Amino acid sequence: MNAPARAVVSPLASAATARAALERVAANLALAVQGKEKELRLAVTCVAAGGHLLLEDVPGVGKTTLVEALARSFGLSLSRVQFTADLMPTDILGAQVFHSATGTFSFRPGPIFRQLVLADELNRAPPRTQSALLEAMAQGQVSLDGTTHPLPRPFTVVATQNPVDFSGTYPLPDSQLDRFLMRLSLGHPAPEVEARLLTQQRDTTSAVEVLEAVSTPEELAGLRAQVAAQRLDTAVAEYVVHLAQATRAHGDIERGASTRAVLALGMAARAHALWDARDFVTPGDVRAVLGPCLAHRLLLRSATQGAYTRDEALHLVEEVARKVPAPR
Amino acid sequence: MTRPLRLRLLLRDLSIAAAFASMAVSGQVPLWAFGLVLVAVLMGVLGRRPFARYPRLTAALLVPLAGVLYLAVASGQMDLVVAACSFAGLVAAQRVLSESSPATDGQVLLAGLLMIAGGAALSGELLFAVCLLTFAVLASLSLGLAVVEAAVPVGEPVPVRAVMRPLGRGTFVAMLGAMAFFILIPRLNWNVGVRRASPGLGTATSGFSDTVRLGGSGTLKSNPRVVLRARLSPDPGTEQLSSYWVGRTYDTFDGLEWSTIGASTKRHRTRVTLRPGADNQVYQRIELLPAYGSRTLIALETPAKLGNALTHTALGDRRTQLQELGGDELRFVEEGLGYSYEVYSVPPGTDTDPGRMNQQETDQLLALPDNLDPRMEELARRVVGDEKDPLAAAQKLSAWLQREYEYTLELSGDVADPLRDFLFVRKAGHCEHFATALTLMLRTQGFEARLATGFFGGERVGDEYLVRAGDAHAWTHVLVPGRGFVTVDATPPAFRANQSLQLIETMISLYESVEALWRKAVVDYSFRDQLDFVRSMSRPPRDASGQPRPSSSLPPLRAWVTAAGVALAIYGLVRALSQRRARRPAQEATRLVDAVERLLARAGLPPREGETLEDVSARLSGEAHPLAPVLAAITRRYLEARFGQRPLQSGESARLLAQLRRALDDGRPTARAS
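The listed protein sequences correspond, in order, to chains Y and U. The opening residue of the first sequence carries number 1 in UniProt numbering; numbering runs sequentially from there. The opening residue of the second sequence carries number 1 in UniProt numbering; numbering runs sequentially from there.
Because the hints were derived from the structure by calculation, they are not lab data. Bear in mind that the values here come from a model prediction, so they are computed numbers and not experimental data. For glycine and all other residues, C-beta sits at the position ideal for the given N, C-alpha and C.
Only some residues are given here: those of chain U computed to face chain Y with a beta carbon under 7 Å:
| id | residue |
| --- | --- |
| 1 | P153 |
| 2 | T590 |
| 3 | V593 |
| 4 | G610 |
| 5 | T612 |
| 6 | E614 |
| 7 | L639 |
| 8 | F643 |
| 9 | G644 |
Derived coverage of chain Y by chain U (criterion: at least 3 residues anywhere in the stretch with Cβ under 8 Å from a Cβ of chain U; other residues may be distant):
| id | stretch |
| --- | --- |
| 10 | 223-237 |
| 11 | 245-258 |
| 12 | 281-291 |
Next comes chain U alone, as it looks inside the complex (with noise of 0.2 Å):
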């Protein structure tokens, strides 16, 4: 026994890793069986099979933690699927520590696609994408060596480039004809009837959020996950917007939750035209992502329309209905994976008109709550003094508020008035405290106020503007007489955007534009997408402005370049079948040698170790078996086809197995020799 390819154990090895790593990008594998099957794929990695020397030992291991498997199951701590998924991976962990034999590495490659199809079941998307390439090239070839290796006679060293070559270049192609097959062979969705959990890596555990409670969760303003992406016209032509993209606004504060009382028509439209729109609108084109996790529509303030609302399923994009809710809220009826829009915003504080208010709305404005802290209102006459003016003074108190008090995120739990404990306790708190505290003490000294939630800030990335789950943000919004609903912003300008790490933050935006496009090519690649495709092939190009080139009637260079690719690939294929042709006769014979030995084991006469049918019909030649002259028949014919090129005539071989299939049945022979 020579020792096994360590480059075809490494390949196995890692495409086992790629197959556990299809499941536990689902983040449902419990973090113990991670740990174990990452700690044996090291070690195979390394070279270290320590459970060679214990097969059977260590394969007993694996009974106690099916156990805690099951325990886990029957305690419903546990998904079955999960649980089953995880104990393919122990099992696959302990075979790669074991000693390599062809029956291991069969056993490891299985449990691999067992892995493969737990990964298909409990995610779904990109990283289960990549990872199931991964696991399908990586097994390809380690196959393909393993085969390779077991034709090469024993000491002769197993010719690993050569082998390699054409198997990558093989496997290459493979992936290409599938991505051609994908695109061109019309398709049906599978996806019907399948809900799968959230696309990627999920919602983002924070960032716009329904209701605003103070002391609450608070905001993560480390998540640098990519909830909306927005291509805006005029370009503004910085980096980093500086500007407030509102969801909806709040009048209602019960001293520790905001709410909505102002008025819910509860109208479903396609189109919704807030307020009256102005010359200088800024129009947005806007994506909002998988990680968003809520239906409210985002603007950059202040929204005059929005419109041309999209749904993105699983089934693909569709034309939907927007709902409006209380506190200027416009919500998307239909769940979705992600949704886009347009919409024209007005500058803040440009728009005369404050919008459709009734009396008890505007009533609202000047609220507060029951158990409000006398002191609050004492503190804030002394911050406004005799100001008249609701923007000064609303400016007044909030540059009062960004020197007196400090930004933090460090909260502790609930707190029965989180207001008193912002303004007179801690000193200290987020931008929701900051927002609330400013709105209230407006109200206090009679200002009309209220609290807008949504985010702040706005990356460039490209020619497209991202705002993160850690750009969510609270402030307020005074009602100036002439001038409607003007932004001012009591937290301190250093903490309004996100502060998370610049480096997580451009992975994250890399991966999340390439989970888009495999989104956008793969996922919701459509029927249409795909007439789509073929008409962009056979059309004329266009020019910058749009219309057909006129100097050609000719289909364009594209067209003709996959013309010529499709020609030469069906050039290829004949080609291949021809040659397969010219192979056959050999082929067949092989295929009746095959069968025989299969009827002979069936009726208890398997060849032995290394006999070829030559030998199985002399030996039993030599007993005198009763099958012998049946067989010797069949053997010639065989060796005939197979090496003196008197090829078998059609039909002859089903005719010699049926002569061997009666003899075996008769238990005496039906055929002479010839």
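The following block holds chain Y by itself, in its conformation from the complex (with noise of 0.2 Å):
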């Protein structure tokens, strides 16, 4: 199977080169997911920005074509475990097999060993199989009986959901939500877009099937670099801060930001400065990736068993955006 790929950081010119690597990658997801440039930019962000996705919508809008026009795009190796009730962590792991001719254990590595995952409907599995996805995507490793397996770099995870049909389902933990760098939501294309699909339509090859890499996995892990270079001026550190404090203190919010969702704030702003190709973070990088990053971790007051609340916290923390003074 796969090595994992050398992480090799092939140093990005400036941060002019890697706004145009993102760019490039953006319009050519565009070709396969039409009409959502905005999403197509932040799912792009968090990619570069080292951190899981989060999916959430409805059937049919074009998830799992986003996930797989980011492997084509990247050239990652993509694999996809479609999550059910019975689903063991094995079956995502992998497990030792025993071979008979040799008397000996071999380990037989599981579809998480891909540089991108995408874990279709993640909340339909039981919780002990969800959380065998938290040591992979929090360290990049594996660990079965005593043995640590290193996963393929650059690795991401990319889960859906589907917010509407919540019977059956094991709604996340909340250690397991605060992995996710972003939750984002594609909704349908706007009518022209939709009319556009149909004319196009010529065959049943779908427009992802013909995409061609325009990245590499290796330009992937450069870009990474280069976001984990980025300086972030004291000022904007405790704007972050600041807006995370008034999440705690909101009245509506029963709990607000965590500490890791300060810092991943902090690196999806990173990431998002590059498509200005700034290699500083500004006050509006942060605005533009706050309600991605914060929204699905914060725990409304309001929030019911297995209630949607996603619009509710989106408000909640533009609510929060505004009142909350940026630096200048």
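Bring the two chains, given one by one in their own frames, into a single complex with the hints.
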């Protein structure tokens, strides 16, 4: 199987080349998923920031297409795991297999040993299976029977869940939600986009199948190195912290942003700055990624069992962003 | 909207109370306005804001109030300045009772500033200074809290303690700094050309007066204002002096009023010797306080030498001249806030020389008014009997008066002949009645006598004696051959000194001592005092005998301490400045944003609520606005300078602003985004 790709840091000449790479990928994605430029840019930002992505939407709006397109654009190896109620952790991680011929055990890697893992309908699997992903997402490795197996680099998990049909599902635990850098929702395309999709339809081959790689895993690793090197001014860092504190003190929010959320927000904002070919973060970058980074991590007071509070959370985050003055 | 900080509103309301008090201490604010503001501030302090619901309606209430004030001014009942000040107080009161918002806070504090300015116009002494300081401290604390409250994100608790501690410390340091500035920086006296009303509580309404009119207003024995402070040598050592402080004497009574016919030389001299001194003289260093309200010098009986007179004016102390008037009166020539001088007195009755007396004066000591009641002579003869010694006769009469007559301050209105009224109708009166009766009754029996006025008593406070307005007194001088004028007092002893309440006396003493300190240390603090202060810092200390200590030629400890303090202050200043310089790039960028936003607002493109320059630039780019390229370039540069550690070069921000200005003028872009 795939040996883990060596994290080759090809230092990008500057933020300008990083921006060019991001634009290239986003343009490529737009060939497969039309009319969603903003969401595509955020998805690319998330991947470039080295974060895992949670896609939450009704079926049939292009979640899977987006993930496939991402993998193709960056030239990443992809595996797709359909999460079901009977899915076992070993079905994802892999297992020790006994070879009767030699009388020895050998490790057979599961589908998680890919650079991009699509965990489809993550909330359909029981918590035990969901949590099998935790170590992989947090540390980029899998531990089985006392042996640690490193995952291929770059490694990204994209999970999807259906926000409408919650029957028979296991809501993602907070610790799991907190590990996704962003939560995005594609939504239905605009009517004119849907009409264009209809008229362009020629055969059963979907657009994503003919998508070509416009970047490489090495370039993605370079992008991530560039993101990590972005400058975050003290004033902006304080702004991030103030935003997080404001969610903690908000009357309608039971539990506000965690420290991990603060770090995630900083990382996403660093990546977002690349779109402007900047090597430093501005308050505008922070606000651009605030909703996707924070909304899914908040526990609202109004939240009852299984109720859907996504819009409300986004609304509260926007309110906080309005109230906390940006540094100037 | 979270609830505003209770503490901040309390500080704000109390600061308004102080500002209003700064005007109210002048006593010129009408009572009804005073009451309205008082009620408003009390309600504000208790957190009641009943006007919050009807801001418009209650603001309309100010219109009739303004009308009332206008009528008062138009009819000449009220000064325009007083009316304006009162209206500022009423506006502040209305705002205090309304809902708290940044706009309201600003209006309240603005009204406070106006009232402070009004207070400065109406009065200007210690109480005003106290109010001003209180307002400054409370308003700064309230403002500081308001700034922090606005900066804290919605829903988060305001860190009151964390704010108040440095804020309070900062205010304290600022006050100390102001005092240091006041003491050390050479100063011009801004009082030049400004004439203020009487200082502090004003002159006492009664006390020593230039004329004695029987049955007139009389003396208010309950007035506790201190009019005179004296240091005596040798020190009598008693808590309560039983001495007569004489101001002037009268020899002529017309049946209603005492006056002086005696010689009035009107000579001006700086040092006056009234009569030869004696060995047992009592030295007095006397200060006449502003409450005294007259220019006549006062001294213990019997004054022998007076001199070294100083007038205390708003411009400082000045050597001045004295004027000799009839009735042995000495008067300051110049008007002043207060006076000080030195006197030597000899014990009364030890003086053998009655002073300059001509025949006319001697005759006057026996003169009687034309309309004198004939029963009086009869009465006097019955009491005196065949006593030939003037002093013995006087003492007999005095004892009889004290026995038969009652002391009272409750006098009915004007009567045609107050002396007859006292002697035969009411048989009650105050010191002027007793003294007048004794003097005239002596004269009917051929004894030469005159009326003396001044003060009686003196209360020891520290190493000084204080005399109050209520101590004002009148008594009789009998001319005793071979001894001169001897004092005889017909007033019952218990009623000679003032009869004010002990508590009020203590409070007034305290206030007046603080006021004196304020006048000496602040109002009259001059360039010369500054020089003296600096000299005292650098001179070697003296021992008790006044000789410099020979042991060391080094400056004294206090000079070192001061030098260390100054060095510390300079070090702190340099450090603060260097830190300021380190923060300059960010501040410069922030100033650029402010300027850009001002320009945009002027061009009709103000940032929307919560929008940063970044947002505005993005919005204009999205709208393909002609300004967008220029603004994008400027924004880019600002962001780099503020968050990207690429500070603006010198002159760069001016250049960027000029570009923007040009673009705004042309209505088309002049620079491309780089």
